Amino acid sequence: MFKILKKEYLANNIWLMDIEAPRVAKSCKPGQFVIVKMDEKGERIPLTVCDYDATKGTVTIVFQIVGASTKRMAEYEPGQSFMDFVGPLGCASELTEMPEEELKKESILFVCGGVGTAPVYPQAKWMKEHGIDVDVIIGARTKDIIILEKEMEKVAANLYIATDDGSYGFKGNGCDQINELVKNQGKKYTRVVAIGPMVMMKFVSLLTKELGIPAIVSMNPIMVDGTGMCGACRLQVGDEIKFACVDGPEFDGHLVDFDQAMRRQGMYKTEEGRAMLRLEEGDTHSGGCGNCN
Amino acid sequence: METDVLKRVPVREQEPKVRAANFEEVCLGYNKEEAMAEASRCLKCKNPQCVKGCPVNIDIPAFIKEVEEGSFDEAFHVINKYSALPAVCGRVCPQESQCEAKCIRGIKGDAVSIGKLERFVADTARENGIKPVKAETKKGKSVAVIGSGPAGLTCAGDLAKLGYDVTIFEALHKAGGVLSYGIPEFRLPKSTVVDSEIENVKSLGVKIETNVVIGKAVTIDELLGEEGFDAVFIGSGAGLPRFMGIPGENANGVFSANEYLTRSNLMKAFDDSYDTPVCAGKKVAVVGGGNVAMDAARTALRLGADVHIVYRRSEAELPARVEEVHHAKEEGIIFDLLTNPVEIFEDEQGNVKGMKCIRMELGEPDSSGRRSPVEIPGSEFVLDVDTVIMSLGTSPNPLISSTTEGLEINRRKCIVAEESDGSTSKAAVYAGGDAVTGAATVILAMGAGKAAAKGIDEFLSK
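Here the protein sequences line up with chains D and U, keeping their order. One point on numbering: in my numbering, the residue at position 258 of the first sequence is 258, and numbering is uninterrupted. One point on numbering: in my numbering, the residue at position 326 of the second sequence is 326, and numbering is uninterrupted.
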């Protein structure tokens, strides 16, 4: 059993939890993820690692309520435990594995979208700890749904906030902010790392291709075991099929087939919708929504 | 009970029409009288060939003699000296090509039904609460076993019986490996059979730590170093599912057999009270002809689908056990033999809407001795399906080999290990099962686990 030590509401149905998981905390690296299974009958849910502390033996996870399982997960309180918590899974971020001299030559821009801000944080923090200055953009629809701003401020050389409605920071989305920095302010980046919703990563990849800047994205497809066994997380990357869980989760954004990845991610949407309805309406749900057989 | 010595006592099964709609076990096994009658058919050969056909060399005539005399507990203890998983083996071993293939009784009549007798003994012991005997003295040395599938459980059980302190590390949340995630409930019941055999291994003193991915959370070198284990056995299993590489293979509704079976068996997607879904499909094609393909097809059938097996060779070459093919046919699965997929069609939403196939004919034998299938030009046709399950075998998982310095792998990326004792190129590290051989059978993995336990014992006794 893996105990929840802390729970915090961030914004926009996004929750943060500290979980006691010494084995994972000890070996975790930026870019990796975990799988959580709440109880006997729960799903295996792949989740982003936001932080980890080997001395305390804790791992910080951040998740957004998107379906019945994550909704149920948000109802857990500190002191309660998850039945299963496995990780770290996937490969560490390519940048943190680079020889230090080479990394020092890089000029890196991180672009975060929504809950994707959480997995960027440990990467930016790692860079700061290794004496490398990085710029970070947090993009959001509006001011109220921005997460981890204060934490990111401490680790980024320059933090740029972009909101679609202009309620805070730059008015525009992440791509607009990249354009502003590169085209108008003449900033030079050798690499962009984008983590967020697939559609956001798709457009950042398209833009960086146009700008001639290599882009790394972190993919979060459907998966079951997370160790390479099921193949549910397969992606078309260039002319190869890759498994996000063992080959990724980070890939060259210029090579990922995002349209296919988005279609694949939607595979169980109706199932999840049904589960959500059952949860919200219980036995009173009598069909008629068109999603029921 | 009257017995015709040339004919085996038939085993009771669920009716095909009934079982096609449930996940209960197909084979119901022998009762006491049937088992004793079948046991009486054994010739108790002085030089028993059946034992030579068994990868773990169970003293078959000895346990059958106990059954014949009604000493079922004794029969269990005989088997348990050789096998930690008799209830599993009695169900999933290919006896027809191993022990039963060598049975002298089988020369003139039916071979003795060794598998069904083994199953009877194990099931009876479970019902009577008989447990395996624990080691009397401790060796004071510890072994880490990676993977809790048939190879790992066997190796762990044997080492524990010898007095070693054994910890199994399992990557998934549940122990059992392929016995839990791969083989379906209707062939191998989980809560009764698999879980209780695992409990038996635990009762020998074996500890099982789930949710630990070796190669990620801990490396082999760390197990031998800071974690203080004296030896390691790698029984991490087969690995990554293969796909064909044909157009449309990433469409929604194309699954690996591993995914389909894991969702159903491990995550219990067939049971509505569990959260994990499975897109069961209404018209399903399973590509491949092995036991895993039969399992996937029969699972899809039970989830309500019309199911086709698409296999590029003919019936004679089907790698699946005859019994599985027979059961699948009885249940109404359609076999499209000498047929190979060439493309999967998808609709605007990316869902499977059909699979283009081509007819094949058998040409010259290939290196494996099987006649290789050749396409018949112009014979393409479209199979109307909404789901495709690829059951084409697996390729080794790199998690351990890529994180363990000095562990040799072969051209196929399988771990290189001696067949006789499981030793690898790295000192104190042993391996066996699918991680070494590529996808094979439960009993071969158990045989390798057993050989490695012996190898580890010799190494640690030096």
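By construction, these hints were calculated from the structure, which means they are not laboratory data. Note that the structure is a prediction, hence the values are computed from the model and not measured. Hints should not be assumed to be uniformly reliable.
Now the in silico label distances, taken between C-beta atoms and shown as ranges [to be verified]:
{"no.": "1", "chain 1": "D", "residue 1": "S107", "chain 2": "U", "residue 2": "D306", "range": "56 to 64 Å"}
{"no.": "2", "chain 1": "D", "residue 1": "G79", "chain 2": "U", "residue 2": "E315", "range": "19 to 27 Å"}
{"no.": "3", "chain 1": "D", "residue 1": "M98", "chain 2": "U", "residue 2": "G225", "range": "48 to 56 Å"}
{"no.": "4", "chain 1": "U", "residue 1": "T403", "chain 2": "D", "residue 2": "G212", "range": "30 to 38 Å"}
Quick reminder that beta carbons are idealized off the backbone N, C-alpha and C, glycines included.
Hints, one by one, checked against the model:
{"no.": "1", "hint": "D/S107 with U/D306: 56 to 64 Å", "in the structure": "58 Å, holds"}
{"no.": "2", "hint": "D/G79 with U/E315: 19 to 27 Å", "in the structure": "60 Å, violated"}
{"no.": "3", "hint": "D/M98 with U/G225: 48 to 56 Å", "in the structure": "27 Å, violated"}
{"no.": "4", "hint": "U/T403 with D/G212: 30 to 38 Å", "in the structure": "35 Å, holds"}
Figure legend: structure checked against the earlier numbered hints; hints not met, in rising order: 2 and 3.
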